[in-house]
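> With the sequences and hints as input, model every part of the structure.
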Amino acid sequence: MIGADPAAGAARARGGEPFDPSAAAARATEAILRDTLHGADRGVVVDSPPGAGKSTLVVRAARELAAAGRPLMVVAQTNAQVDDLVDRLATADPDLPVGRLHSSDPHPYDPVLDGHASVRASAKIADLAGLDIVVSTAAKWAHVRDVEPWRHAIVDEAYQMRSDALLAVAGLFERALFVGDPGQLDPFSVVGADQWAGLSYDPSASAVTTLLAHNPRLPQHRLPVSWRLPASAAPLVSDAFYPYTPFRSGTGHGERRLSFGVASDGSGPDRVLDEAAESGWGLLELPARRTPRTDPEAVAAVAQVVRRLLDRGAAAVSERSDEPVPVTADRIAVGTAHRDQAAAVRAALTGLGVSGVTVDTANRLQGREFDVTVVLHPLSGRPDATAFHLETGRLCVLASRHRQACVVVCRAGVAELLDEHPSTEPVQLGVTVKFPDGWEANHAVLAHLAEHRVAWRP
Amino acid sequence: MDARALAALAANPGCRRRALLDGAGVDKGALARALGAPANFGQSQFAHQRGNSFEARVKADGGADLVRLLHERLRDGSEAPGPGAVATPDLSAPGPQGRTARTALALREATEAGRWALLDHPMVSLDVAGSPAFLEPDAVVVHPDGSWTVVEIKSFPMVDGSADPAKVGAAARQSAVYTLALERVAAMVGEPPEGAGATADTARGAPGRARVRHQVLLVCPKDFSNLPTAEMIDVRKQLAVTRRQLDRLTRIEEIAAALPEGTTFDLRLTDDGRTPTRPVEELTAAVDAVEAAYAPECLSTCELAAHCRARSRAAGLVEALGRGVRGELGGLTTVAAVLTAATDGPADASPTGDPAVDALRRAAALRAEALASRPGAVSCR
Amino acid sequence: MSLITTLARMEAVREGRAQPLTTVRHRHLSERPLAFVPLTTAGEAGAPLGALVGTDRDAPRLLIVAQPRDRDLRFAFLAELAEEIQPYLDSYADEVELEERKETDPETGKKVPVQVELCADAPQLLVPSAAGVAFVRLLGRSMRFRRTAEQDPETPFPAPARVPLLGRWLTHYGERSRVPGSCLLLSLTELLSRHWATGQSPLEDQHLGSLLAWIDPPEGVPGAEAALRAESERDEDGLLRCPPAGPATDPAFDNQLLAPAMSRYDAARAEASQGVAGAEARLRLAEAELRGLIASQLRPTWDALWHGVDLLRSLPEGARVAERWKRDRWSYTAHRDRVRAGEPPQPKRDDAVTAAQKLAARETAQAQLDAHEALDDPLVMAGRRLAGEAFAGEVTDVEMAWSEARVPRPRPLITVRTEDRPHLAERVKLHRVLADGRAQSGEFVGFARTDGAAGTGGADGAAGTDGTDGAAGTGGADGTDGTTGTGGADGAGGAGDADGPGRALVVRLTGGMGRGKQPEPGSVPEKGDRVCWTLFEHAPRGGPELPDPESTPWTHGGPPDAAAPAHGPEPDPMTEEDYL
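Chains as they are written, first to last, in this note's numbering: chain A, 1 to 458; chain B, 1 to 381; chain C, 1 to 580.
Hints listed in this document are in silico derivations from the structure and should not be mistaken for laboratory results. Model, not experiment: these values are computed from the prediction. Here a beta-carbon is modelled for each residue, glycine too, at the ideal position from N, C-alpha and C. Hints may be right or wrong, so weigh each one.
[Claimed, not checked] Okay, derived cross-link-like pairs now, DSSO-like style, lysine-lysine, Cα gap no bigger than 27 Å in a straight line: (1) B/K167 with A/K434; (2) C/K517 with C/K429; (3) C/K102 with C/K326; (4) C/K111 with C/K517; (5) C/K348 with C/K358; (6) C/K102 with A/K124; (7) C/K358 with C/K102; (8) B/K167 with C/K326; (9) C/K429 with C/K527; (10) A/K434 with C/K358; (11) C/K517 with C/K527; (12) C/K429 with A/K124; (13) C/K326 with C/K358; (14) B/K28 with B/K167; (15) A/K434 with A/K54; (16) C/K348 with C/K111; (17) B/K222 with C/K348; (18) C/K358 with C/K110; (19) B/K167 with B/K222; (20) C/K111 with A/K124; (21) A/K124 with C/K110.
[Unchecked claim] Here are some chain A residues pointing at chain C (derived, C-beta under 8 Å): (22) F19; (23) H107; (24) A142; (25) G171; (26) S189; (27) A193; (28) A197; (29) L199; (30) T210; (31) L211; (32) H214; (33) L352.
[What the hints assert, rightly or not] These stretches of chain A come out as covered by chain B in the derived footprint (C-beta under 8 Å, 3 or more residues): (34) 380-394; (35) 421-435.
Printed below as a string of structure tokens:
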């Protein structure tokens, strides 16, 4: 999707004119709110690249809609997202009455919400009637029946929502703001949906794809600035994963810095950490070998990098504070492609006495943010690249969670593996080709990482 | 090599044997027959007739119908071509070089004329590992704005707007080869008079200048009729793939350099050119001197696949069971190694340190336990 | 391919014959299935060349199209096909049972029980391969919009009477076959490869002859060799000894035999139409020759199909197969009712709501099938255990406990020793089957310490796990990641993963113990019992109701075009040389 004016702004700025990220972001936000509150269209779509302030936008739009006296329903995709949003809303405006519609399972929501006086939680929509804002998952909203439609809705993570899920809830609202990141993982179905490929309302497509196929003239906006990704990461992530919708980093080179209290011992993990502190990226390359998914050496290397990161007293400087802030375990994440890899890394970290570090798959790291991430490359040690491992969204999520630096651990030989990947994809008539291609994106990231390569040495 | 063969290179880019044989222009079908492992390929004359008669029907009226179909699918609001609006230049010339030159000239003239033109079976060439391959698209349409569209005519049907995705994919890859070859022509045709270094890249974009569109027109029978219908297909991805594969083909010199001195795939045909006289053992040794990367998918894309399958099975390689099996086997590459790893040693042995071996042992133990329970307890509680 | 299946394939390589993937049969097999082995004309997937069809393996009916370009001959073929298949389909329509179902009363809007008919059994169609299933769909699509002279006296090329009706039934069967675990229309290659692992690849298994050669090789011949023969052995004329399972023909057959025979037929027919002496006899001869040729290509596959049926019948049927077959019976009954009610043929494309409903129904059916197969079959369950989705072990401790509610409910803690490595996190829901077949729920508490007390569970994945989420997952189903979708219980293996094999897990029973303060007898396992817990539900239910098509929201294009003709879409346009 090529948004109109933020793209042009970013392009101009690249040409050398001074770029004021705050002003660019503010302009985009104003335009979004104008269309949302005063526009004539039933829908507004906002693309938000990683860390571009999507949650801030959602909270602000929700508060303004509530202030304008429009009852609002908010649709998110997971309970964690819903709880996070409710928490942010209640924190931003402790007097705002917010409803948390939840399932009837035991422990249906984060108990943190009970600490907000203005938040009411219930499994029944009738209990939440009259509240300014009601938030729930798409799955739960789909069971709501026999209610007056809401004047307005915000659909969060709309690119991760399936078209059929939107079909089930769209009757509940008159107008909606759709917000999401087109670069993350696409929705999928466990059964074949080929027979509907090419139809505008293909139920297995993303909600935004269907929405825009039927309403091509809806205003489309884009948040032009990533506040999370440092100046060292935004250009790569933008070029590799958002080739037609570029974005910029909100901070300049040198504004974010990573330093260590303890000098390098010359080992691979220490050297790759120094490289990452210096340049924002580090590739710790193990010798080429075909391995099973839970490659013990790669897992050990990942754990060792995390251990050394903590041992060396890493501290981060950023626009948030003048003083270096220690990078504690809760500011570090390890990302993997598979669950068993995550489990193996957790076990290895436990073995090294590390706790409190988030270790998860790309799926579950979506939407999260850390200072430093350590990524086990999805193609490391694999005998072949599959569509799963090549999926653009997976690599994009893994490469865009960090504020300071990202260390990738990988076996050598991935470039050759990519070269030998067969390209015999079937083509469905009428289906828009998705860019970037996973192959190209992987090569782009790999080429960049190669400049920050450190060979493994324990 | 024709476009289909070039497009098929992408089916298994890791196969050095195929890259070398194709790059060297070896007739793999004849080689496979000489090796005693012919491919189950072949074309039925019914399919051939059907394809020809459909193509003839599509082009019956001098291309006006075809151009109208293209114009409809463009949906760009431009004026529809009127009667007699489509030029159909004569492309006949002696020999492939002659036809290629004639095609380039016709493209230049049609582009400069600024009107619709249909080039029926033009000929373009593409440099494949140092020698030219001559390619013959079904048709190329020149638009009034100077852009060109590759037209691919296939006889599989589009039923209710959808078609066999595998066949459409193959058509897209084939069309991408033509598109790439045409881009080289466009670069020459579109060269500005000042001679500023024009490449395929710079030739794109500027109106009135030659450029090749990256959407091709796929024409197929509609539903169950003989009436043509068409869809535009975006071939940008396939173009990128083809470019990569052609770049890789230049590496065949490295592959060839690694061969034993004097390796040849000559079948030593008899004078009538039909019967190979070279001993099979010798030929097999020559073929085996280049490493193959056999996978079952080869069976439908490579004439030599039956031979490679036999060799792969004889060596007990796990890929013979499908590319997908390798994922969890780590460094174990043969069936024997996998079975040994799975069954050697007690099932409850402590971890070996190799997760693949540990997982295989657990799999073998679980499988044995379940099979031992037959036919008694069938439910698990 | 899962590791356990990979292993079975490798065992098959070693043994020289296919190895079992199941201990029971997971699909319903009718006592009287109708077999349909079609052939098409090369280059034109939609033009039938011939077929063997029937319920009697020893007396199939041979149908041929002597000249596929001739519309009259094609219509005659379709009429004969309908003559053979339609009575079979109809023969199950009248023997019914009464079932009680809740329906919305149109006046009160309340759900009231009503008695409805359910056909006692349903017709089952068997084809050789997946391509055969696709051909059934294509036939259905090409036939259901045809008009008979009775329907439309003006129609230029009226179709024989039963052709449009059979088209609707074939469409229904083709569509139903997309539902995981459904059995109205089955292909032998898919059936056999579900139950046996061969020593070749899944791609090669699509050749029925080759697949059977692995499962049941001739005495003394290794499977690989038998399969190779079945796939590619040719006679002295270069013709395949075992022609492909269709519907495509072998090009060598087309070029060497079929094309010349067809030319002779065309010539004789032309002469016969001009009244040339002796031409009628030559025409009959030419037609007989074509019948013989087409039969020669069909018969080996026909026999292979029934050979496969025999092999499958040797397996005992899984316990939950009948439950799924009942849904097929519902499907058959519902279509019978639609036809009887005079509803128009199925549309060319689903509307937005129908598409979403079908997708949701198939996802539910897939989850149910996966659960059923695992519960019916320890070998399938072994695969789920290997994948971390279930665990089995011995109960080593039972500690009675009660909930803290006003009326305390039993919540006993069960310690299970297992060598399996389930993907557990604290409070992950668990399920098992009780002796009487009912389901029992539980939740994971943690790993038992050596002193017997329960430690905490996995480090991660505590907050926000919610069974209702994750129907629409993100990511890509790789089996080990994301199948439960975002927000599903995709938690940690947790701290315990560092331990060696043989760990003790603590499970809190949360249901299936009756209503009293004391659990019902037999509902709590005892020390020494072997138990098997699954992380997946045993009877997963479908998603929410969707709006009516008339209420399709603006995001999905609004209600479908109200101006669409009530009697269904217009028939396909016909040209002089159209196919089918």
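> Taking 8 Å as the C-beta cutoff, is the stated coverage of the stretch 421-435 of chain A by chain B satisfied by three or more residues?
Contact hint for the stretch 421-435 of chain A vs chain B: holds, 13 residues under 8 Å.
> Under the criterion that the straight-line Cα-Cα distance not exceed 27 Å, is the pair C/K348, C/K111 satisfied?
33 Å, violated
> Per the CB criterion, is A/L352 less than 8 Å away from chain C?
Cβ of A/L352 sits 11 Å from chain C, so the hint is violated.
> Regarding the pair A/K434 and A/K54, is the alpha-carbon distance no greater than 27 Å?
Given that 27 Å is the threshold and the Cα spacing comes to 23 Å, the pair holds.
> Tell me if the straight-line CA distance from C/K348 to C/K358 falls inside 27 Å.
15 Å, holds
> Does B/K167 lie within 27 Å of B/K28 when you go C-alpha to C-alpha?
Holds. B/K28 to B/K167 sits at ~23 Å (cutoff 27 Å).
> With 8 Å as the cut and Cβ atoms as the points, is A/A193 at the interface with chain C?
6 Å, holds
> For a C-alpha distance cap of 27 Å, please report whether C/K358 and C/K110 respect it.
With Cα atoms ~26 Å apart, C/K358 and C/K110 stay inside 27 Å; holds.
> Within a Cα-Cα threshold of 27 Å, do C/K429 and A/K124 meet the stated pairing?
23 Å, holds
> Hey, B/K222 versus C/K348, does the alpha-carbon distance stay inside 27 Å?
14 Å, holds
> Would you check whether A/A142 satisfies its interface hint, that is, whether its CB is within less than 8 Å of any CB in chain C?
4 Å, holds
> With 8 Å as the cut and Cβ atoms as the points, is A/L211 at the interface with chain C?
5 Å, holds
Taken one by one, the earlier hints fail for this structure at numbers 4, 8, 16, 22, 28, 33, listed in ascending order.
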